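Enquirer: Using the sequences plus the hints, can you model the full thing?
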Amino acid sequence: MVSEESRDAIENQQHHLLEVLLALPTRSGSTQKNHLGHIGVSALRGFSPERLAATGESLAKKRCRTVARCWPHLKAAVGDSFEEHFDDYVMLTATARVPEDAHEDGYRFVKFMDEHKLSEQLRRRDDVVLELLSFELMHTQHGAPRSLSVLVRRLPECRKFCIGINVFGHNRLVTI
Amino acid sequence: MKGNSKVGVAWRPELSQFIAEESTIAFSEVLADNYWTLKHLPTPIAQLRDSGTTIVPHAVSLSLGGARRPDDRRLDLLANLAQQLDAPFVSEHFAFVRAAGLESGHLLPFQRNEQMLELVIENVHYAQARLPKPLCLENIATLFDWPEQQISEAEFIASIVRETGIGILLDVSNLYANSVNLGWSIDEYLDALPLDRITYVHIAGGTLIGNLYHDTHAHPLQAGPLEVLRKLSKRITLPAVLLEQDDNFQSIESVRQEIHMITKVVEEQYRLSSSSSSCEESRLGKSLAACEESRLGQWLVA
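Respectively, the protein sequence lines represent chains A and B. Under numbering that gives the first Met the number 0, think of the first position of the first sequence as 0, with each following residue one higher. Under numbering that gives the first Met the number 0, think of the first position of the second sequence as 0, with each following residue one higher.
In case anyone wonders, no lab produced these hints; they're calculated from the structure. Any given hint might turn out to be false.
Claimed, not checked - Some chain A residues near chain B, calculated using beta-carbon distances under 7 Å:
1) 13
2) 45
3) 47
4) 48
5) 54
6) 58
7) 60
8) 61
9) 100
10) 147
11) 150
All values reported here derive from a predicted model rather than from experimental measurement. Heads up, the beta-carbon is just placed ideally off N, CA and C, and yes, glycines get one too.
Expert: Below, the structure is given as structure tokens:
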């Protein structure tokens, strides 16, 4: 049986690698560090710095693409700057609680944009409001699933109200 | 069961209608982590299951190569999804995705030594005890490797299989990627792998950027992974093969063409094996026979 001490040692190694990968530039030409304040490629003896850099970029892009797929209206609304904003979100929230999946990751991304006052335009679009409503009906703010919920949102473009009802995991949206 | 081929396509919302309507698609796979917190399966997935298509839940976040035991909540969510899908088994990866509160967002390789072997075996046993279905694990693609690896990946996988009885999900595109990026020999890899334990195969598109092959699941299927599939077909009767595509769904026709390319490799094998009367006595014949008896993939033929 693997001792807890051994597991701790392995965890330290893997954590160090992750710190480096998450601190690597995620944007072409960028050299910024994340708030871990840590750039440690050279400290990881034996690893190829170029390969770690390529992996860091690849990880960020994959996560961004996954969220974009799960939130198509959000992606369309943010447009060309989606990747740039998502990079900022990833860099600045690297040690926050891990999102359960890409749906929750996208929701946290919206919250991040709210905090940085980047989401005003998004919330003026009916399709984005409905996409958010669908998530909020099914999940609590912490990402846990809901069985029952009723929420009302104003749709800014058509100037109607949408009542969302989640009954045992099935959403119904009614516009009035 | 729908479909009479051994070729499947990974379920994505953009491909939902195509998978439902294409009669030759024998099975599918869903990204478990995207659906396991939902109270109910999305309607198109439930309808696909009800139509008789086998659907495998494919997870990415158990972190079986991580330092900690996989967490019970994720295992229970996967178990529940497998039950809802009535899946014959579940699949995950030889990888770690988190450590001490940091999340990678994708699959990463771990160090391969005796200590990690013991740890992964323990993690897999732990997962198996909590899952209601057999577990298969997939080799990953990577752009880097840990220094001073003591055990080759194929030998590492062989040991895990021997100790835990898991099935192998062999991703031929990932193997091809690692042959390009890390200089691995595909033949040596296949020599060391217990091929009779391959439950099913993944294949996907990718692209070469500089001198690195990126397994993007968003570019066209390349000749390299198809060649690995062909090499595999010369050693064993191919099990079910699943095409993965995650992005760039501009044309259903291109998906159909890629299915056709995979099917051709599968059919080539049947032509070759049926034309060889001495097949049963050959090494290949013995390998095929052993494979047919032991493979978990019998589910697809049943």
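Enquirer: Kindly indicate which numbered hints from before are broken by the structure, ordering the numbers from low to high.
Expert: Violated: hints 4, 7, 10 and 11.
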